[in-house]
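Asker: Modelling step: build the complete structure from the supplied sequences, incorporating the hints.
These protein sequence lines are chains A and B, in that order.
In this text, residue positions in the first sequence follow our numbering: the first is 1, and each later residue adds one.
In this text, residue positions in the second sequence follow our numbering: the first is 1, and each later residue adds one.
Just so you know, these hints were derived from the structure itself, not from any lab.
Hints are not guaranteed to be accurate.
Unchecked claim - With a Cα cut of at most 30 Å, we get these calculated DSS-like pairs of lysine-lysine:
(1) A:Lys586 <-> B:Lys334
(2) B:Lys334 <-> A:Lys579
(3) B:Lys347 <-> A:Lys586
(4) B:Lys320 <-> A:Lys586
(5) B:Lys241 <-> B:Lys207
(6) A:Lys360 <-> A:Lys505
(7) B:Lys320 <-> A:Lys536
(8) A:Lys579 <-> B:Lys292
(9) A:Lys516 <-> B:Lys170
(10) A:Lys360 <-> A:Lys196
(11) B:Lys320 <-> A:Lys516
(12) A:Lys536 <-> B:Lys347
(13) B:Lys320 <-> A:Lys579
(14) B:Lys347 <-> A:Lys593
(15) B:Lys334 <-> A:Lys593
(16) B:Lys347 <-> A:Lys516
(17) B:Lys309 <-> A:Lys516
(18) B:Lys292 <-> A:Lys516
(19) B:Lys334 <-> B:Lys347
(20) A:Lys323 <-> A:Lys196
(21) A:Lys593 <-> B:Lys320
(22) B:Lys334 <-> A:Lys536
Unchecked claim - Facing chain B, a subset of chain A residues (Cβ under 8 Å, in silico):
(23) Leu528
(24) Lys529
(25) Phe532
(26) Asp533
(27) Lys536
(28) Ile574
Only a predicted model underlies this, so the values are computations on that prediction, with no experimental measurement involved.
All residues carry an ideal CB built from backbone N, CA and C; glycine is no exception.
These are the residues of each chain, in order.
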Amino acid sequence: MAELFLNNKFKGEVDDPKRFVSSVIEERRKGNIPLNVNVCYDEESDTVYVDGTKGRVVRPLIVVKNGKPALTDKHIQQLQKGEVVWDDLLKQGVIEYLDAAEEENTLIAFFEDELTPEHTHLELHPIALVGLTTALVPYGNYCHSTKLAIGGKNQKQAIGFYAANFSVRMDMDVNLLQTPQVPVVATIMHEISSYKEHPSGQNIVVAVMGYMGYNIEDAVVINQGSIDRGFARSTYFRPAVAEELRYAGGLTDDICIPDKDIKGYKSEVDYRYLEEEGIIYPEARVGEGDVIIGKTSPPRFLSSMDEYNLASNVRRESSVALKHGEEGIVDFILITENGEGNKLVQVRLRDSRIPEIGDKFTSRHGQKGVVGAILTQSDMPFTASGIVPDLIFSPHGIPSRMTISHLIELVGAKLGAMAGRYIDGTTFAAEDEADLRKELNSLGFRENGTETMYNGQTGEQMQAKVFVGNMYYLKLKHMVANKIHSRARGPIQLLTRQPTEGRAKEGGLRLGEMEKDTFVAHGASLLLKERFDSDKTIVPVCEECGIIAVYNEFKNKSYCPICGDNVEINNVEISYAFKLMLDEFKSLGVYPKMVLESKY
Amino acid sequence: MEDLFKSYEGKIPDSLLEKVKEHLPPKIDRKKAEEILERVYQEFTNACVDPGESVGLIAAESIGEQGTQMTLNTFHYAGVAEMNVTVGLPRLIEILDGRKNISTPMMEIYLAAPYNKGKDIKQIALSIKENKLKDIASEFSINVAELIVEVALDEQKVNAIGIDMAKVKKAVEKALKDFNIKTKDNIISIRSSKDDGLNELYKLKEKIKEIHISGIKDVYQVLPVRRGDEFIIITAGSNLKAAFDNEYVDPIRTTTNNVCEVSDVLGIEAARQSIINEVFKVIENQGLNIDKRHMMIVADMMCNSGSIKGVTRYGVVSQKASVLAKASFETPIKHIISAALVGEEDKLNSVVENVMLNQAVPVGTGLPGLITKIKK
Chain A
1 MAELFLNNKF KGEVDDPKRF VSSVIEERRK GNIPLNVNVC YDEESDTVYV
51 DGTKGRVVRP LIVVKNGKPA LTDKHIQQLQ KGEVVWDDLL KQGVIEYLDA
101 AEEENTLIAF FEDELTPEHT HLELHPIALV GLTTALVPYG NYCHSTKLAI
151 GGKNQKQAIG FYAANFSVRM DMDVNLLQTP QVPVVATIMH EISSYKEHPS
201 GQNIVVAVMG YMGYNIEDAV VINQGSIDRG FARSTYFRPA VAEELRYAGG
251 LTDDICIPDK DIKGYKSEVD YRYLEEEGII YPEARVGEGD VIIGKTSPPR
301 FLSSMDEYNL ASNVRRESSV ALKHGEEGIV DFILITENGE GNKLVQVRLR
351 DSRIPEIGDK FTSRHGQKGV VGAILTQSDM PFTASGIVPD LIFSPHGIPS
401 RMTISHLIEL VGAKLGAMAG RYIDGTTFAA EDEADLRKEL NSLGFRENGT
451 ETMYNGQTGE QMQAKVFVGN MYYLKLKHMV ANKIHSRARG PIQLLTRQPT
501 EGRAKEGGLR LGEMEKDTFV AHGASLLLKE RFDSDKTIVP VCEECGIIAV
551 YNEFKNKSYC PICGDNVEIN NVEISYAFKL MLDEFKSLGV YPKMVLESKY
Chain B
1 MEDLFKSYEG KIPDSLLEKV KEHLPPKIDR KKAEEILERV YQEFTNACVD
51 PGESVGLIAA ESIGEQGTQM TLNTFHYAGV AEMNVTVGLP RLIEILDGRK
101 NISTPMMEIY LAAPYNKGKD IKQIALSIKE NKLKDIASEF SINVAELIVE
151 VALDEQKVNA IGIDMAKVKK AVEKALKDFN IKTKDNIISI RSSKDDGLNE
201 LYKLKEKIKE IHISGIKDVY QVLPVRRGDE FIIITAGSNL KAAFDNEYVD
251 PIRTTTNNVC EVSDVLGIEA ARQSIINEVF KVIENQGLNI DKRHMMIVAD
301 MMCNSGSIKG VTRYGVVSQK ASVLAKASFE TPIKHIISAA LVGEEDKLNS
351 VVENVMLNQA VPVGTGLPGL ITKIKK
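Answerer: Here is the structure:
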């Protein structure tokens, strides 16, 4: 007697659990029970679980009976002719979906020739074991599993040809690779996912060597010549959006060139690109502060509007302008209406992104790195046959990370390029590495992929043979142009008078608690004070009551709001944050009295 | 010659002076001796920390930076006789917090001669281990009719720890006052002299299981190991005071890893040294290298009030003179309110307060002031 749970609720008991389970499976294969129902018998707790709930991860497997897969050649022929589809195979009980629980009761063969009478299922393909992006890594069975996962993750960040209709789309923050290529070493997942229609990398020549120390710590050296020929050039698109909002009292925003008498009017220069309807013209090259869409809004506080107060009766400026450090070319303009019937203007900006020092590149094996140097083609090393690598990768990235697949791809793609064919690098079902070497050898190359190289700057032959080959490299979306930031002076926060935070607000870089400690540890006390005086203020303090006094600029005189005029008041330099804290103490009903000491 | 040494008193610490005296060759002329002393003086002053050096912060950073690299998990080796000991960061936190109850108290019992030679080491170790009544009993039962608790003792187990029934009875009698205790064969029956109900009886049954019979209280595991050419006993569970009463134990070298216990039994100076040793053990265990003087200053801070203060807001931080410094650590509102209630004054004498006010902190270059004579 085993307990039976249906959808995690106790339903009753079954006498012969094993027979029960097998009959449920049988009925499911016949189609009498929904396909998403899974059944599992846990011998240890003597419980049967029948589960048809949502949210379980299930995966398809080929059913095996008596050591023979239910999927026969006949099915495959029918599939090829288009006579049956996937769902038909499911209905016929040839393929079924198992969840984690039911999988416990199965014995799944990896390859068809491994099948024995004990086996219950067969993998559709060994690659079904891993996810989509992981399956895109070639020779994944020669790679450390964590690196494989990283390699898959990196591909999601790669710049590519993300959508064929990109020219009419208004995507937020997208990148487009200008000359994408299909990988020479591919897997069947590239075929399945139609990778050819949206590739995201380029086949380049990679040399595995150090070069003048510019590729230490995972950096890579790239060839200026390759960039000139279009390597990793991409375009960055970002839209600016403006909407004519409606306000209470029938007032609306107005997309136009703002009048000069408007509150907050920038300057004539800023509006110079605007056409009559207040929208910038296409192909205008804009920079920091330039207005893209001119817009005015009604006065802010209508209820408190004073008829005699002209200042409050004026419309205010609310144009969309480029923020600090932004630039680009106006690419595409869209004028439409939104769901509420308001006029909506979207302007897409385009900016080209040529590889520069600090841009991030990766192979498909989790071997990411940033550009450490860009050398002219003449300064790059070259092989005996005159091949100049597009990228130099440091060999120190290999031993600890154990990404052998990276090296095999390098050999594989080299062969693919020389033999003029694509190489199948599908995980667990790839072309044999030994065969690759043999064929490479027959094409006149050294079978281990190394070649004699010469120093590009001196022309000297290098003592060691260098491992050179082709690889599919990806440019990742993290580019310095979108991240570079520095500040000497700039905007401050209203409340604390300390510098603002973040690149978008032109903020300062925080010197935090631990950084402060380093100054203290060095005994650099006065330097520390100087570093922290971004919010210093001079406040008059009443000697009598120790509270911050008031300075009257017209009379050039300070007085204490408590003790009056006839007290001694001295100016003290403190941080504004401290002044704020004293104010907060006062609001709590705590009296913070400052006792001043003689400076001398 | 004596006057020469006298002139260096106060310039060189006494212990150093003593050492120089000891190592000087018996026949040495005054000039040479003076030169030696001068060189020692120079070396000593060079080794001294400069005034205004922020030693506390440097100690904190030196320990803290390495602490980030510590592995959190303990490693166990299958089949090796060892005890489960808290190590790494949790242990470091435990020591520096000054916890009264540490997670794995341990003693290293050094034995007095001749017991340390390894003869009967197993017996000695077993006699140190605490035996409770439940360890030697085979059954605890309640006689509902007569309202008595009956304990059936396992004779084998009783004999194994080297005591007899009479001693067990004595120990039970000592632990339970106001109870009627009878022994018959190997059964001890306990009856309350008060008119207790059945519930009390169940409570009693659980209580008597924990009665201490023999060995050192709280020591629940013993492990004799060889160290050098003698045997010592490592125990899980610590009771230094009771261990010192034992004739086998060498009270001079025997230690515990419970710092607070050291403080209670041996005093604060011993506790200070114990903190240093325990922290050093953790650091050594992790393969890190931190100068002992950093730990010394931390230990000094923890012990200078006469009792152990942990590096927490209740311990060392609460000793700070500055309200602002206390408030900037943890629970600011609590500190500010309690300061406001008594009208506390902050002299702004330390680092944090001055950073808050954007004033020069009184360490390093910010420490010295200018003193000048004013003409009258």
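Asker: The structure should be examined with respect to each hint, and the outcome stated for every one.
Answerer: The hints, checked one at a time:
A threshold of 30 Å between alpha carbons decides the hint, and for Lys586 of chain A with Lys334 of chain B the separation of about 16 Å falls inside it, so the pair holds. With a CA separation close to 20 Å, the supplied pair Lys334 of chain B and Lys579 of chain A stays within the 30 Å bound. Between the alpha carbons of Lys347 of chain B and Lys586 of chain A the distance comes to roughly 20 Å, so the proposed pair stays at or under 30 Å and holds. Restraint check for Lys320 of chain B and Lys586 of chain A: satisfied, since their Cα atoms lie roughly 24 Å apart, inside the 30 Å limit.
Restraint check for Lys241 of chain B and Lys207 of chain B: satisfied, since their Cα atoms lie roughly 24 Å apart, inside the 30 Å limit. Note on Lys360 of chain A and Lys505 of chain A: the hinted pairing holds, with a Cα-Cα distance of about 25 Å set against a maximum of 30 Å. Using a Cα cut-off of 30 Å, the hinted pair Lys320 of chain B and Lys536 of chain A holds, with the two alpha carbons roughly 26 Å apart. Between Lys579 of chain A and Lys292 of chain B, the direct Cα distance comes to roughly 42 Å. Violation of the 30 Å bound is thereby established for this hinted pair.
Under the criterion of a C-alpha separation no larger than 30 Å, the hint pairing Lys516 of chain A with Lys170 of chain B is inconsistent with the structure, at around 65 Å. In summary, the hint linking Lys360 of chain A to Lys196 of chain A is supported, as the alpha carbons are separated by about 23 Å, within the 30 Å threshold. The hinted pair formed by Lys320 of chain B and Lys516 of chain A meets the criterion: a straight-line CA distance of about 20 Å does not exceed 30 Å. Distance restraint check for Lys536 of chain A and Lys347 of chain B: the Cα-Cα separation of roughly 21 Å lies within the 30 Å cut-off, and the hinted pair is therefore satisfied.
The straight-line distance between the Cα atoms of Lys320 of chain B and Lys579 of chain A is roughly 23 Å, inside the 30 Å bound, and the hint therefore holds. Between Lys347 of chain B and Lys593 of chain A the CA atoms are separated by roughly 12 Å; this keeps the pair inside 30 Å, and the hint holds. A distance of roughly 19 Å separates the Cα atoms of Lys334 of chain B and Lys593 of chain A; the hinted pair therefore holds under the 30 Å criterion. The straight-line distance between the Cα atoms of Lys347 of chain B and Lys516 of chain A is roughly 21 Å, inside the 30 Å bound, and the hint therefore holds.
With a C-alpha separation of about 26 Å, the suggested pair Lys309 of chain B and Lys516 of chain A falls inside the 30 Å cut-off, and the hint holds. Restraint check: the Cα-Cα separation between Lys292 of chain B and Lys516 of chain A comes to about 25 Å, which is no more than 30 Å; the hinted pair holds. Between Lys334 of chain B and Lys347 of chain B the alpha-carbon distance is near 19 Å, which keeps this suggested pair within the 30 Å criterion. Proximity of Lys323 of chain A to Lys196 of chain A is assessed by CA-CA distance (about 37 Å); at most 30 Å being required, the pair is judged violated.
With a C-alpha separation of about 20 Å, the suggested pair Lys593 of chain A and Lys320 of chain B falls inside the 30 Å cut-off, and the hint holds. Taking the CA atoms of Lys334 of chain B and Lys536 of chain A, the gap is near 28 Å; set against the 30 Å cutoff, the hint holds. Evaluation of the Leu528 of chain A hint against chain B yields a held restraint, the C-beta minimum of about 6 Å falling below 8 Å. Hint status for Lys529 of chain A: holds, given a least beta-carbon distance of 5 Å to chain B, under 8 Å.
The closest approach between the C-beta of Phe532 of chain A and any C-beta of chain B is roughly 6 Å, which is under the 8 Å cut-off, so the hint is satisfied. With a cut of 8 Å, the hint placing Asp533 of chain A at the interface with chain B holds, because the nearest CB-to-CB distance is about 6 Å. Checking Lys536 of chain A against chain B by beta carbon gives a least distance of about 5 Å; that is within 8 Å, so the hint holds. At about 5 Å, the closest approach between the beta carbon of Ile574 of chain A and any beta carbon in chain B falls short of 8 Å, and the interface hint on this residue holds.
Violated hints, listed in ascending order, are 8, 9 and 20; each of the other numbered hints is respected by the structure.
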